Amino acid sequence: MAQNKDKHTKEVIFTNKEFNKDEFKETGIGQEGSQKLTTLDLIYSAILGVLGGIISSLIPFSLLIKVWYPLTGGTQLVSGHHVMWATIIYGITKKKKNIMLTMASKGILEFLLGDPWGLIIIFVNLMEGICLAGGFFCMERIGEGETKLGWGVAGGFGNFFQAPFFWIINQRWHLHFTLWILAFMFAFISGILITGLLGKAIKDYLIKAGVPTTF
Amino acid sequence: MNINGIANMETRNFYILVATVCVGLTVFWLSMYNFARLGIDPIEHASESFTTIFEGEQEDDETIVKITGNVKKELKLSLSDIKSSKYVKVTDKKFKVVTREEPHYYIYSGASLWSILEVEDILESDASTFLFIGKDGYESPLPLDLALAEQYEKDVILAYEFNGDPLYEQGPIRSVVDHEVVEDIEPEQYSSQYSVQNLVEVRIE
Numbered sequence: 022m023a024q025n026k027d028k029h030t031k032e033v034i035f036t037n038k039e040f041n042k043d044e045f046k047e048t049g050i051g052q053e054g055s056q057k058l059t060t061l062d063l064i065y066s067a068i069l070g071v072l073g074g075i076i077s078s079l080i081p082f083s084l085l086i087k088v089w090y091p092l093t094g095g096t097q098l099v100s101g102h103h104v105m106w107a108t109i110i111y112g113i114t115k116k117k118k119n120i121m122l123t124m125a126s127k128g129i130l131e132f133l134l135g136d137p138w139g140l141i142i143i144f145v146n147l148m149e150g151i152c153l154a155g156g157f158f159c160m161e162r163i164g165e166g167e168t169k170l171g172w173g174v175a176g177g178f179g180n181f182f183q184a185p186f187f188w189i190i191n192q193r194w195h196l197h198f199t200l201w202i203l204a205f206m207f208a209f210i211s212g213i214l215i216t217g218l219l220g221k222a223i224k225d226y227l228i229k230a231g232v233p234t235t236f
Numbered sequence: 059m060n061i062n063g064i065a066n067m068e069t070r071n072f073y074i075l076v077a078t079v080c081v082g083l084t085v086f087w088l089s090m091y092n093f094a095r096l097g098i099d100p101i102e103h104a105s106e107s108f109t110t111i112f113e114g115e116q117e118d119d120e121t122i123v124k125i126t127g128n129v130k131k132e133l134k135l136s137l138s139d140i141k142s143s144k145y146v147k148v149t150d151k152k153f154k155v156v157t158r159e160e161p162h163y164y165i166y167s168g169a170s171l172w173s174i175l176e177v178e179d180i181l182e183s184d185a186s187t188f189l190f191i192g193k194d195g196y197e198s199p200l201p202l203d204l205a206l207a208e209q210y211e212k213d214v215i216l217a218y219e220f221n222g223d224p225l226y227e228q229g230p231i232r233s234v235v236d237h238e239v240v241e242d243i244e245p246e247q248y249s250s251q252y253s254v255q256n257l258v259e260v261r262i263e
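Line by line, the protein sequences give chains F and W. Add 21 to a position in the first sequence, counting from 1, and you land on the number used in the working numbering. Add 58 to a position in the second sequence, counting from 1, and you land on the number used in the working numbering.
Do not take every clue at face value.
Claimed, not checked - Simulated crosslink set (EDC-like; lysine to aspartate or glutamate; CA at most 20 Å straight-line):
no. : chain 1 : residue 1 : chain 2 : residue 2
1   : F       : K87       : W       : E106
2   : W       : K144      : W       : E176
3   : F       : K169      : W       : E197
4   : F       : K87       : W       : E197
5   : F       : K87       : W       : D99
6   : F       : K87       : W       : E102
7   : F       : K87       : W       : E227
8   : W       : K131      : W       : E120
9   : W       : K134      : W       : E259
Derived from the structure by calculation, the hints contain no laboratory data. Keep in mind it's a predicted model, so treat the numbers as computed, not measured.
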């Protein structure tokens with residue numbers, strides 16, 4: 022009887038948080054609504070931030086695109102991987118401040134690995150984190166917080182900021198305006214596909230594999 | 059989920075589909091427009107890439123850079139042409155390349171552009187400027203005065219080596235212009251904008 026009551030209580034908690042109980046394992050590391058960062062949050066943030074920093078700095082995924090798509094700005098099609106780490110951390114911790122922490126760790130590591138943008142890269146990472154958190158906030162407000170559409174659009178917002186920022190700083194005024202439009206569209210599409218949808222898929226697999234969540 | 063819920067989901071999915079098709083078509087036609095505008099054949103480009111991936115880099119005697127425009131006759135240069143001894147060689151020279159007012163120093167080897175124009179004697183009498191164009195359609199922002207190429211003969215080059223190695227993804231040929239050449243031009247110019255990767259054309263006007 023007591024066990025049944027306990028089970029019922031857990032189901033209510035999950036229902037209240039609008040999570041599908043079939044998809045998420047209860048790990049016992051939840052905080053029952055607290056937004057304070059736990060040690061596990063910090064560990065996740067550090068691991069994903071370092072992974073993202075190393076991969077963003079050292080692996081030129083853009084070469085994949087340059088080979089097949091010759092127009093300037095085409096490399097934006099793979100730019101979403103820079104922000105994907107933040108969607109994964111949000112998926113397993115459900116804390117927006119963790120997004121900022123991960124992006125800060127990632128940005129600092131990119132800076133230390135000699136990114137040609139110097140300190141600006143930390144600012145860019147933080148702005149991407151803010152845009153992503155804003156995207157998730159908006160999607161949750163309209164009831165799309167756990168759907169692929171919601172994650173895709175939030176990822177698109179998260180990845181969008183860097184494209185106009187870098188193109189304006191690089192003063193690419195001489196390029197035709199259609200190339201600007203294409204580059205920005207590619208940034209948003211990459212955000213949807215890589216940051217949002219791939220990030221969500223990885224998050225789902227991590228949770229199904231038993232990685233403890235902290236929400 | 060009740061019938062209304064299912065209907066709502068179908069409407070939602072329909073809108074997602076419509077948005078996806080609209081975005082896809084926009085990207086497709088904008089890309090086609092730019093391919094046509096820049097004279098890029100996407101199928102040929104993909105075919106070249108496919109060949110490069112499976113059969114290695116192209117041969118040295120294939121045409122890489124064309125010198126076009128206000129010239130007596132169009133000149134086609136292969137990598138072996140540019141490396142040949144008939145042009146003035148610049149070997150392991152340190153170039154100052156300024157990006158966003160931040161100077162970088164790189165070591166390039168290549169052939170002087172002016173020496174190529176002079177040796178081949180292709181310039182029309184009223185030719186006055188040159189412009190670099192990359193494989194992706196990028197053009198250096200302003201045509202530069204040919205007098206600069208003559209005055210700074212070893213500072214305006216068609217480079218084929220970076221730090222003693224081939225250019226790989228930057229090449230096989232790129233233009234490199236030392237910042238000294240462009241720093242006095244108004245409005246202020248960065249030499250990085252004239253150092254064009256994957257150079258395919260030098261247009262004389």
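Hints and how they fare:
1. Using a Cα cut-off of 20 Å, the hinted pair K87 (chain F) and E106 (chain W) holds, with the two alpha carbons roughly 12 Å apart.
2. Proposed proximity of K144 (chain W) and E176 (chain W) is supported: the alpha carbons are some 11 Å apart, at most 20 Å.
3. As the CA atoms of K169 (chain F) and E197 (chain W) are separated by approximately 40 Å, the hinted pair breaks the 20 Å bound.
4. Distance hint between K87 (chain F) and E197 (chain W) is fulfilled; the C-alpha atoms sit about 17 Å from each other, no more than 20 Å.
5. For the hint linking K87 (chain F) to D99 (chain W), the alpha-carbon distance of about 15 Å falls within 20 Å, and the restraint holds.
6. For the suggested pair K87 (chain F) and E102 (chain W), the alpha carbons sit about 14 Å apart, so the restraint of at most 20 Å is met.
7. Proximity of K87 (chain F) to E227 (chain W) is assessed by CA-CA distance (about 9 Å); at most 20 Å being required, the pair is judged to hold.
8. In summary, the hint linking K131 (chain W) to E120 (chain W) is supported, as the alpha carbons are separated by about 19 Å, within the 20 Å threshold.
9. Between K134 (chain W) and E259 (chain W), the direct Cα distance comes to roughly 9 Å. Compliance with the 20 Å bound is thereby established for this hinted pair.
Checked against the numbered hints above, the structure violates only hint 3.
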